[in-house]
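K.L.:
Protein chains in written order, with the working numbering: chain A, 634 to 889; chain B, -6 to 274; chain C, 3 to 390.
Please note: incorrect hints may appear among the correct ones.
Straight-line distance between alpha carbons at most 20 angstroms, and here's what the computed SDA-like set of lysine to any residue pairs gives [stated by the list, open to error]: (1) C/K383 with B/R237; (2) B/K270 with A/H722; (3) B/K39 with C/R376; (4) A/K726 with B/K39; (5) A/K663 with C/R376; (6) C/K54 with A/Q692; (7) C/K101 with B/L241.
Derived by calculation from the structure, the hints in this document are not laboratory data.
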Amino acid sequence: MKKGPRFFIAIIGLGIAFPFLTLLLFSFMKGWFFPSISPTTWTLDYWIQLFQVEGELLQTSLTSILISIFVAFVSTLLGFFLGKWMATHPWRKWWLLLAYFPFVLSPVILAAGIQFFFIKFGLSGNFLGVLIAQLLIALPYAIIIYNGFWSPSMLDREKLARTLGGTAWQAFWRVSIPLSSGVILVVFFQTFLISWFEYGLTRLIGLGKVKTLTIQVFQFVTETNIFLAALSGVLLVVPPLILLWVNKRFVINQWI
Amino acid sequence: MHRILSYINAGFFFLLIVLPLGGGLIYSFLYSIGGLGLLNEEISGKALLTIWEEGTFLKSLFYSVYIALLSIGISVALSLTLTLGIKLPSRENPYWMYMPLALPGMVVAFLMFQWLSRTGVFSRVMFQAGIISEITDFPVLIQDELGLGIIIAHVLMATPFFWIFFRGLYQTERVKELGGISASLGAQKHQILWKVKIPVLLQQGLPTIILYFLFVLGSYEIPLLLGQSSPQMLSVTIIRKLERFNLLDKPEGYAMIWMYALIVLVAVYAILSLHQKRKAS
Amino acid sequence: MGKYLWICILLISGFLLSCGPDQNLQQVNMMMWQGDPVINSYMKTYVVPELKKQGIDLQLVSGQGTEIVSTLMTEIEAGKTDSEIDVVWVNGETFFQLKQINGLYGPIWDSLSNIAYVDTSSSFIKYDFQQLVNGYEAPWGTIQMIMIHDEKRAPQPPSNPKALKEWVKANPGKFTLSNDFTGMSFLKLLLIEFAGGSEAIKGPFQSDIYQQAGDSLWNYIREIQPYFWRKGETFPEGLAAMHRLFANGEIDLSISMNDNGVDNKVLEGLFPPSAKGYAWKSGIIKNSHFLGIPSRSPHKSGALKTINFLLSPEAQYKKLQPDGWGDGTSLSLNLLPEEWKEKFRSTQQRKQTPPRSEIEQYAVMEPAPEYMIRLYDDFAKKIIDGEE
């Protein structure tokens, strides 16, 4: 290979590093006035505050992680059964249509439509409400991926186990689960990210009382506190970067 | 046993997917015609008439479609160029290619603001370099009339995704081999590119492209932070109608919800039909 | 696979154990505008810890004006008896809308001991946007609207509509209005003038007055709109955004609904020392901002305790400091105990804006709330959307 591609790759690499560097640099800045490029002071203050026990941001991050793990866990579990049930159902096409619908719909508009019911059933402004609301957009995604995974040949393999004399339980535990362990992990981490990145739906259903990281970032942006916004931005991108490092397929997949 | 399991599954599906969607749609519809709501006195098509006459919904819809079309068009073109134009040392995608996927819309919008606003990083660099001498010399890229800020943000998010996506397709659809066959049949290089490789990738990728188009159409954080006051994209307009300015506008907001939902429903149906047809053939 | 599962279960149960709310504290949810860092910092670093000592866990929720009404309205529509919100920070037009839907609990004045320090006969406290308050909301602060200019960039700032028109035309791109409470309040100031002064617009809403004054106002705005920042095609969404434009020199005038707003921004380092506040000579709006309790709040005793604390001399004194929020007190110096009187009097004077006593002479009262509501609506339709 000649010089050309390397050069381009270097440019692309720089472009990719740029957002992360910006976030990181801004989180160390204080006072940034036009037309100066550098800030009036560099500071560790925000990072030190972050790790103090009473620190709000740390609490927010924990809340976010908790919510996302829960949403991911439930959608992975429920989605597994629903996806498989759907894949073998004669009305598969219609179920799929219904599952795609909330997945494609703008989450914040979905939230606006269902907010009334959440308020009615006491699910507005609390954790449970936010968990269920996020489940409403994460679960369809899980179902869609599982549905794509349970292709006829996959189903055949499971059937084979049955015809070879296994019980339903054995077929499920010894064949279905090992077959699908890859896709299960993918679904888990991707639904985790759907929840982790969600803003509009969380604000509408959580009324801003359930403070997740995205809500915090938005808060900092509206009060034009760009440095804290950058710091929370860093916190927001670290988990997905780690997940990517562990396995790329956790963030993008081929079953859709 | 099997039947009971099936019922349980159907129950969950109904409870968590059908019910919220149906409930939301019916509620929005009833609210929009005045069948519900504290300030609604009688059933009337007033809200529907208003958004039709003032063009609120259509303006917002067209604006959203314009943003989504341009964003997706540019991203697909860029990512095809990257896929077909750059040969990476290995078939396996490197880690850095995936990194942009770790950026949520909120963060991208924030970054765009810090880079491209008139007092942003680029403007400052150009000022220091003497390319511009005043803040107003820097082009308006944020909250601008053409929605350039929104489009750039979406392109930054979608291009890395489509690059990885098309690279995957390139291998699974054996595009390279197809190119080889065409070459052996005497096709020219540019013919292979334009008549074989690009059409195959686009055709196979179409459902995903439409899906992504719908995501952009319904996007919220990016236009919220980077869009101008008016017109605005659908999600932003609807939420504003519901909770800002005038309480009597709430029915209009709900009317826009179900109209938008119906459009998405039709689009999803189209994608699935397309997908199924492809599988069948 | 099993390994991952266990990690998840452990994490979840760990969090559930550690995140449980403190049982000894009563939770109070307060919905307020959170668009100004100094206000947020006053609440988070002073009010919240102080209230914790009194057994109250104050949760701040972002939301203002119509958002508050819309939230409470949906709760009422859904027949929910326990509201998610216990305290709201409101202005006259929100007070009006909340009364329309019977959304406020009250009267609450008798349950607040610190109301004794408030001069309840003052017309700026007795009335909120011309409406009799009747004890349904408690005054948190009293402010005057000021204009902000940069001495260096705009040495001779306009202070009446005619001068503004000339100034804006002579300095294209250097003026804008925030698309929020502050910007709309400035429009209201202009509306009062077009209606013939605050005496003419006094009393209940009259649609012919609005019609007439409104027409003149929109014609006036349309004439100068092309000379606004970004040709008047877009407007900053909030006050913080407008202040940032001013700080960075994109615009040369700004507005604040807090007459100490310049001092705290200069101390914060956002504004340069050459930024000064000044009075709009043909009249500046003076008003009080209030705290109310939603009628369906499940924590009314905690809410009352919270409001009473916010009205206490110590909290008000802290709020008055120009290096913090710098919000004018709603308490009357004459009614305060001696030691507090002294403290309040000796509060450091602001440097960037003429003292209150000096701009007081221009003060006008808020007109009826419907004017503000109509302004919001018409600004969105006529100016932002450009409809006829």
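K.L.:
Confirm or reject each hint.
P.N.:
Hint check:
1. Straight-line distance between C-alpha atoms of C/K383 and B/R237 comes to about 13 angstroms, which keeps the hinted pair within the 20 angstroms bound.
2. Our distance criterion of 20 angstroms between C-alpha atoms is met by B/K270 and A/H722, whose separation comes to about 19 angstroms.
3. Restraint check for B/K39 and C/R376: the C-alpha separation of about 19 angstroms stays at or below 20 angstroms, so the hint holds.
4. With a CA separation close to 37 angstroms, the supplied pair A/K726 and B/K39 exceeds the 20 angstroms bound.
5. Using a Cα cut-off of 20 angstroms, the hinted pair A/K663 and C/R376 is violated, with the two alpha carbons roughly 41 angstroms apart.
6. With a C-alpha separation of about 17 angstroms, the suggested pair C/K54 and A/Q692 falls inside the 20 angstroms cut-off, and the hint holds.
7. With a CA separation close to 16 angstroms, the supplied pair C/K101 and B/L241 stays within the 20 angstroms bound.
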